[in-house]
Amino acid sequence: MADVPAIEVRELTRRFGRFTAVDAVTFEIRRGEIFGFLGANGAGKTTAIRMLTGLLQPTSGDARVDGLDVYTQSDAIKRRIGYMSQRFSLYADLTTRENIAFYAGIYGLGRSDIAKRSRDVIETLELTEVADRRIADLPLGWKQKLAFSVALLHEPSIVFLDEPTGGVDPIARRQFWEHIYGAADRGVTVFVTTHYMDEAEYCDRISIMVNGRIAALGTPTELKARFATDSVDELFVRLARGRP
Amino acid sequence: MRRKADASRGAFFGFVRKEFRHILRDRRTLVVLFGMPVLMMGLFGYAIRNELENVRIGVAGATGDEVARRIIQRMDASSLFEVVEEVTGSDGIEDGFRHGRFNAAVIFEPGFAGALQRPGPAHVQVITDASNPNTASTVQAYVEAVLRGSGMEPALFQMRYNPELKSAYLFVPGVMAVILMLVSALMTSITITREREMGSMEVLLVSPLHPTQIIIGKVVPYLALSMINVATILLLAAFAFEVPIRGSLTLLVGEAFLFTLCALSLGILISSRSSSLQTSTMIALAGLLMPTVLLSGFIFPIASMPAPLQMLSHVVPAKWFLIIVRSIMIRGVGLELIWRETIIIAGMTLLFIGVSVRSFKLRLE
Amino acid sequence: MNSVLVLLRKEMRQIFRNRTMLPIIFVMPIVQLLVLAFAATFEVRETPMTLVGEAFGPDARQLVAEMQASGYFDVVNRTTSMHEAERDMQAGRSRVILRFPADYERGGRLQVVIDAQDGATAGVVQAYIGRTLGARRTAPAPVEIRPVHWYNPNLEYELYMVPGILVVLVTMIGTFLSAINLVREKEIGTIEQLNVTPIRKWELILGKLLPFWIIALFELAFGLGLAWIVFRIPMEGSLPLIFGLAAIYLLSMLGLGLWISAITETQQQAMFISWFILVIFILMSGLFTPIESMPVWARWLTNLNPMAHFIEIMRRVLLKGAGPEAVFKQALMLWLFATAILTLATRKYRKVAG
Chain A
1 MADVPAIEVR
11 ELTRRFGRFT
21 AVDAVTFEIR
31 RGEIFGFLGA
41 NGAGKTTAIR
51 MLTGLLQPTS
61 GDARVDGLDV
71 YTQSDAIKRR
81 IGYMSQRFSL
91 YADLTTRENI
101 AFYAGIYGLG
111 RSDIAKRSRD
121 VIETLELTEV
131 ADRRIADLPL
141 GWKQKLAFSV
151 ALLHEPSIVF
161 LDEPTGGVDP
171 IARRQFWEHI
181 YGAADRGVTV
191 FVTTHYMDEA
201 EYCDRISIMV
211 NGRIAALGTP
221 TELKARFATD
231 SVDELFVRLA
241 RGRP
Chain B
245 MRRKADASRG
255 AFFGFVRKEF
265 RHILRDRRTL
275 VVLFGMPVLM
285 MGLFGYAIRN
295 ELENVRIGVA
305 GATGDEVARR
315 IIQRMDASSL
325 FEVVEEVTGS
335 DGIEDGFRHG
345 RFNAAVIFEP
355 GFAGALQRPG
365 PAHVQVITDA
375 SNPNTASTVQ
385 AYVEAVLRGS
395 GMEPALFQMR
405 YNPELKSAYL
415 FVPGVMAVIL
425 MLVSALMTSI
435 TITREREMGS
445 MEVLLVSPLH
455 PTQIIIGKVV
465 PYLALSMINV
475 ATILLLAAFA
485 FEVPIRGSLT
495 LLVGEAFLFT
505 LCALSLGILI
515 SSRSSSLQTS
525 TMIALAGLLM
535 PTVLLSGFIF
545 PIASMPAPLQ
555 MLSHVVPAKW
565 FLIIVRSIMI
575 RGVGLELIWR
585 ETIIIAGMTL
595 LFIGVSVRSF
605 KLRLE
Chain C
610 MNSVLVLLRK
620 EMRQIFRNRT
630 MLPIIFVMPI
640 VQLLVLAFAA
650 TFEVRETPMT
660 LVGEAFGPDA
670 RQLVAEMQAS
680 GYFDVVNRTT
690 SMHEAERDMQ
700 AGRSRVILRF
710 PADYERGGRL
720 QVVIDAQDGA
730 TAGVVQAYIG
740 RTLGARRTAP
750 APVEIRPVHW
760 YNPNLEYELY
770 MVPGILVVLV
780 TMIGTFLSAI
790 NLVREKEIGT
800 IEQLNVTPIR
810 KWELILGKLL
820 PFWIIALFEL
830 AFGLGLAWIV
840 FRIPMEGSLP
850 LIFGLAAIYL
860 LSMLGLGLWI
870 SAITETQQQA
880 MFISWFILVI
890 FILMSGLFTP
900 IESMPVWARW
910 LTNLNPMAHF
920 IEIMRRVLLK
930 GAGPEAVFKQ
940 ALMLWLFATA
950 ILTLATRKYR
960 KVAG
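Protein chains in written order, with the numbering used here: chain A, 1 to 244; chain B, 245 to 609; chain C, 610 to 963.
Chain A on its own, in the form it takes in the complex (with noise of 0.2 Å):
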């Protein structure tokens, strides 16, 4: 099982209408690591999460998840998976406990493991005060850190976070990803799209997409060496402007 890769894409494909979003992608994501799906607004990056979460059907290629067909197996791999949209799509007008219930209720945790996790995550989260308000009060930073448990919250395999750091203060961004450490080092396999360039050094390995391709792939250390520049984000600029 451990070899077994967590995601397994070939020559992925989605096009709408003559606008292709994701051109024959290919890549391999390994157990437990944390793997950085990097590109500008536009290239592509939500498409292709959406495709290997099961709610948008390709085109045309291949992918497995955690070892299952997205064509045909769509509903196994939705019990192996969590997912943290781009947009945040907790209820708003829900309290914390009652959100936590509901969706641990959806993936089929039954009442004493519900109230275990729902203690769980708000004592972590150090939501306790605010535990039984309504979620629309909450600081953005607490509400990304909460849609990130609730996501976690039936214990899948891999995890996708769309864009989970937008529009957060740099602190709160690192505070984040202490939390996306502890999940990796639980065993969970991470697939993070950004736009933030400096969190591309977080993570173990990387891919830049660039127009609906995959520019560059590989860890963060080997890009820098390889295209000679200090920084993720210079990697990225000239990458983006068709210069490798």
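Simulated from the structure, these hints should not be mistaken for lab results. Incorrect hints may have been included.
Quick list of in silico lysine to any residue cross-link-like pairs, SDA-like style, CA-CA up to 25 Å [unchecked claim]:
| # | chain 1 | residue 1 | chain 2 | residue 2 |
| --- | --- | --- | --- | --- |
| 1 | C | K795 | A | D75 |
| 2 | C | K795 | C | T629 |
| 3 | C | K795 | A | D93 |
| 4 | A | K224 | A | N211 |
| 5 | A | K143 | C | E620 |
| 6 | B | K410 | C | N627 |
| 7 | A | K116 | A | T13 |
| 8 | C | K960 | A | F16 |
| 9 | C | K957 | C | M610 |
| 10 | C | K960 | A | T13 |
| 11 | C | K810 | A | T72 |
| 12 | C | K810 | A | R80 |
| 13 | A | K224 | A | V210 |
| 14 | A | K143 | C | T799 |
| 15 | C | K938 | C | I857 |
| 16 | C | K960 | B | R272 |
| 17 | C | K960 | A | R10 |
| 18 | C | K960 | A | R80 |
| 19 | A | K143 | C | R908 |
| 20 | C | K957 | A | S60 |
| 21 | C | K810 | C | A962 |
| 22 | A | K143 | A | R119 |
| 23 | B | K410 | C | R908 |
Label-pair distances were calculated between CB atoms; the ranges are [unchecked claim]:
| # | chain 1 | residue 1 | chain 2 | residue 2 | range |
| --- | --- | --- | --- | --- | --- |
| 24 | C | V757 | B | A389 | 14 to 22 Å |
| 25 | B | R261 | C | W944 | 33 to 41 Å |
| 26 | A | T59 | B | A468 | 38 to 46 Å |
| 27 | C | L953 | B | P552 | 41 to 49 Å |
| 28 | B | S520 | C | G963 | 40 to 48 Å |
| 29 | C | P632 | B | A551 | 22 to 30 Å |
Source: prediction; values computed, not measured. Here a beta-carbon is modelled for each residue, glycine too, at the ideal position from N, C-alpha and C.
Once you've looked at the hints, dock chains B and C against the given chain A.
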């Protein structure tokens, strides 16, 4: 100074163009905006009818009776009635009513023809399914008239303006009022609230555009759209439904224009006072749709309503516009007889605008 | 199944926490019933009338008194000039002109001019005048007519309208609110989080529609209660029958809401399209104007309108005490539509985008 004015004007036209593009791109809403008038015209012109027709009748006691049979034939021959079956007994009638097979039963006393010859009246029982009171009273009246059969016309009747009593004459002018009010008010309130919700309103306010220009820019596309709807409705009315335009077309269009402004200003008012898109649409649909359709005299005569509702109808702009439209189209009346209603609508428009401007100013501060 | 219950609980929580929802559920039926029921009437009342004549003899005065007493007419002007009367009509101040010729008392004929813009009212007025005159002028009638009005002896229009209004009420909740609710999740993005879970499509649909089914049935009960208190509407037939058929009817309307949510992207579009479709249904349902009066093709079309069938069921069961055999055809149509619409809508609604 001059440069700023030029920039402002250029920005304004750019803004108006953007608004047009927004509308044209939302195809689903567009279908409703243009399709609604055509659909309503179709329904009200052809399908929705007020006059009674095809009232089904059950009869009893007519077999073997010459006179009774002749009377029944006369009833059947008229377009109002359709004699459908012979009924047997009270249970049969109840069954017929419950199954909806007929709306009334006409029962001749046994030996009707003979009873007519003898002194004293002959008896006919008319049992109506009065769950529909309209049918009931009309059936009763008609049967009475047929049975009395007085050859001489009791009075000289003249049906003015609409000799064939076509329903379309009543409904079609109303469709124009309803469409204009709903489209204009609804769309304006939505578009302004949406802009505000998305936060782009602030961007606009910081631009070289003056707030008044922003409002006008948002309103102009719907003004154009409404005028297109007016044209469509009038064309359909005249050519497809033969509803005449007996008065001045120019006056009619002018009044329609004024009413559209009224509706637009109402839309602005709604958006200026509602906090979310959901609220403004709900208010517009429920708070505008119901009164406009019900209390304006569109389908139901205002005179038939209880006094409180009649008073309420005075604040419904569509009520006044309907009087104007019907006067011009069906009675061929000129401005000298509808100036009061015109002023009322103009007054309402100014009122709505006044309150909106105040609300907006408060909001921005 | 557990997912359905979890989803149902969340939906109910959200619905009742929504500030605008509660007033809609409780205030709307009250307002609709009161305003609609009282406004939606074709009864002829207080029609303004102008009298024209040189002098009014006893016969004339008696006729006018009778007409005014009936409540149908309201004399707004008496004049000797026909021209002035015409002016009244042209200005909309009066709708009927009654002109008494100089020889009226000796048998001269009345001239009646009716503003026939509203054809139906004009017809009723004409019939009434004809009847009144007929009754007075001819010799003792050879035929005596005994009219009996079943189910609604006082010919109250409200009794006729209220069952239909209740149907409209319940439909708005079933279609309108459910469509908006579904599209809202789409619009703000929370539906994605749901789509990514292993919840099955049928569980999702059931969980989202069930709350509105329940609320709509509750509304029906609430509305019936109100109608009974305010209008004393009869409940001749079986209430369980009504609720049973209402449950089936709602399946169609919820299906419609589901379908609308699947073809629209924003709440605004959903509102518009629901409104558009509902207006068509309401107009073609026989609620305001009789189906029998429609042309043949339109009458045939009303067969495809579940609302028309359910309104007929309500009228027959509530006002006439009809039993299941009497409304069998309508019930069957409701069942067929529910199946068809739900199947179509479920197919259209997708967890995975194309």
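Results of checking the hints against the structure:
Between K795/C and D75/A, the direct Cα distance comes to roughly 20 Å. Compliance with the 25 Å bound is thereby established for this hinted pair. For the hint linking K795/C to T629/C, the alpha-carbon distance of about 20 Å falls within 25 Å, and the restraint holds. The straight-line distance between the Cα atoms of K795/C and D93/A is roughly 16 Å, inside the 25 Å bound, and the hint therefore holds. For the hint linking K224/A to N211/A, the alpha-carbon distance of about 21 Å falls within 25 Å, and the restraint holds.
Our distance criterion of 25 Å between C-alpha atoms is met by K143/A and E620/C, whose separation comes to about 21 Å. The suggested pairing of K410/B with N627/C is violated, with an alpha-carbon distance near 47 Å, which exceeds 25 Å. For the given pair, K116/A sits about 41 Å from T13/A by alpha-carbon distance, which is inconsistent with the 25 Å threshold. Distance hint between K960/C and F16/A is fulfilled; the C-alpha atoms sit about 18 Å from each other, no more than 25 Å.
With a C-alpha separation of about 22 Å, the suggested pair K957/C and M610/C falls inside the 25 Å cut-off, and the hint holds. With a CA separation close to 20 Å, the supplied pair K960/C and T13/A stays within the 25 Å bound. For the hint linking K810/C to T72/A, the alpha-carbon distance of about 15 Å falls within 25 Å, and the restraint holds. Restraint check for K810/C and R80/A: satisfied, since their Cα atoms lie roughly 18 Å apart, inside the 25 Å limit.
Among the hinted pairs, K224/A with V210/A is consistent with the structure: their alpha-carbon atoms are about 17 Å apart, no more than 25 Å. A threshold of 25 Å between alpha carbons decides the hint, and for K143/A with T799/C the separation of about 14 Å falls inside it, so the pair holds. A hinted pair counts as satisfied when its Cα atoms are at most 25 Å apart, and K938/C with I857/C qualifies at roughly 14 Å. Distance restraint check for K960/C and R272/B: the Cα-Cα separation of roughly 22 Å lies within the 25 Å cut-off, and the hinted pair is therefore satisfied.
A hinted pair counts as satisfied when its Cα atoms are at most 25 Å apart, and K960/C with R10/A qualifies at roughly 24 Å. Under the criterion of a C-alpha separation no larger than 25 Å, the hint pairing K960/C with R80/A is consistent with the structure, at around 17 Å. Of the pairs offered as hints, the one joining K143/A and R908/C is violated, with about 56 Å between alpha carbons and a cut-off of 25 Å exceeded. Between K957/C and S60/A the alpha-carbon distance is near 23 Å, which keeps this suggested pair within the 25 Å criterion.
Restraint check for K810/C and A962/C: the C-alpha separation of about 13 Å stays at or below 25 Å, so the hint holds. A hinted pair counts as satisfied when its Cα atoms are at most 25 Å apart, and K143/A with R119/A qualifies at roughly 17 Å. The suggested pairing of K410/B with R908/C holds, with an alpha-carbon distance near 18 Å, which does not exceed 25 Å. Judged by the Cβ atoms, the range 14 to 22 Å given for V757/C and A389/B holds: they are separated by roughly 18 Å.
Between R261/B and W944/C the C-beta distance comes to about 52 Å, which lies outside the given range of 33 to 41 Å. Range check, T59/A to A468/B: about 40 Å between beta-carbon atoms, so the 38 to 46 Å window is met. About 44 Å separates the C-beta atoms of L953/C and P552/B, a value consistent with the hinted range of 41 to 49 Å. Between S520/B and G963/C, the C-beta spacing of about 31 Å breaks the proposed range 40 to 48 Å.
A beta carbon spacing of about 27 Å between P632/C and A551/B agrees with the range 22 to 30 Å that was offered as a hint.
Of the hints listed earlier, those the structure fails to meet are numbers 6, 7, 19, 25 and 28, in rising order.
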